[in-house]
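So the sequence lines, in the order shown, correspond to chains A and B.
At position 13 of the first sequence the residue is numbered 13 (this note's numbering), and the sequence of numbers has no breaks.
At position 8 of the second sequence the residue is numbered 8 (this note's numbering), and the sequence of numbers has no breaks.
Bear in mind the hints are in silico, worked out from the structure with no lab data behind them.
Do not take every clue at face value.
Unchecked claim - Now the in silico label distances, taken between C-beta atoms and shown as ranges:
| hint | chain 1 | residue 1 | chain 2 | residue 2 | range |
| --- | --- | --- | --- | --- | --- |
| 1 | B | I68 | A | V35 | 22 to 30 Å |
| 2 | B | I78 | A | A97 | 42 to 50 Å |
| 3 | A | T52 | B | A83 | 45 to 53 Å |
| 4 | B | T23 | A | A91 | 31 to 39 Å |
| 5 | A | S34 | B | D76 | 37 to 45 Å |
| 6 | A | E133 | B | P80 | 13 to 21 Å |
| 7 | B | G63 | A | E128 | 39 to 47 Å |
| 8 | A | K46 | B | L72 | 25 to 33 Å |
| 9 | A | D60 | B | D52 | 25 to 33 Å |
A virtual CB, placed ideally from N, CA and C, is assigned to each residue, including glycine.
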Amino acid sequence: MATINASVTINSDIASYPVTISKTMTMTKSANPSVGLEETTGLRTKRFTDTTAAVIVEADELTDDTAHKVYIRNASTSRSNFFYVAYNASAAAAGTAETIGKLYGGDWMLMPYNGSTNITVASSTTTEAQILEYMVFADGIEAAKG
Amino acid sequence: MVGSAHDIASYLYVCNNTTEDATYYIDWGIHETMIGRLYAGDWMLIPWNASDDDAEIEIQAQGGTNIIEYCLFNSDAILPTAAA
């Protein structure tokens, strides 16, 4: 059985009582929580030079309504630029339904994903290339289509 | 969780601290669109831009009682105006 562990540590001193969060999870299958996830899409890297929206996770490649996890990291260094990340077939912008958030240079995210709609991103800039890393830890990959 | 300022750089951490049954989960989503299942013991960290008035984060427990821990690191918050 494969084992995929993920850990997060968050420290904050913005309040009188500092926030300290430290959690580790083992990614397991929805149908059998004692069995770890055994598939991934592989870690991909893409360089973006314009603001055209692009699909980075295609929902039809993944089994619906299971325990996928999507990891995305903006590998760029600029804190001025970002990617919109959306749960949408083809769009990602400020008011797109449903844009999740803005992933700035150096930021990453890890979220559970049900594989029902694409994950789409759009860079905020045309003046500077941005690098995006992404990967799906999959609870079921559908046979390749095409 | 309802956003007030829009298109901002906030971060949301959510953890499902349920230990009773590993098959329990919460559906999480934005407005009425469910995006994923956060199973017992799982955590998530996402950026959240509160893109408009309908961009609130929603969760719904599935299977039984789920215990949820969450923290929003907010770049801008607009507090409700006090009633006169």
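Okay, the hints, checked on the actual structure:
Look at B/I68 against A/V35: about 24 Å separates their beta carbons, and that is inside 22 to 30 Å. The beta-carbon spacing between B/I78 and A/A97, approximately 22 Å, falls outside the hinted interval of 42 to 50 Å. Range check, A/T52 to B/A83: about 46 Å between beta-carbon atoms, so the 45 to 53 Å window is met. The hint said 31 to 39 Å for the Cβ distance between B/T23 and A/A91, and at roughly 34 Å that hint holds.
The beta-carbon spacing between A/S34 and B/D76, approximately 43 Å, falls within the hinted interval of 37 to 45 Å. As the Cβ distance of A/E133 to B/P80 is approximately 39 Å, the hint placing it in 13 to 21 Å is violated. Taking the beta carbon of each, B/G63 and A/E128 are about 46 Å apart, inside 39 to 47 Å as hinted. Between A/K46 and B/L72 the C-beta distance comes to about 29 Å, which sits within the given range of 25 to 33 Å.
Between A/D60 and B/D52 the C-beta distance comes to about 28 Å, which sits within the given range of 25 to 33 Å.
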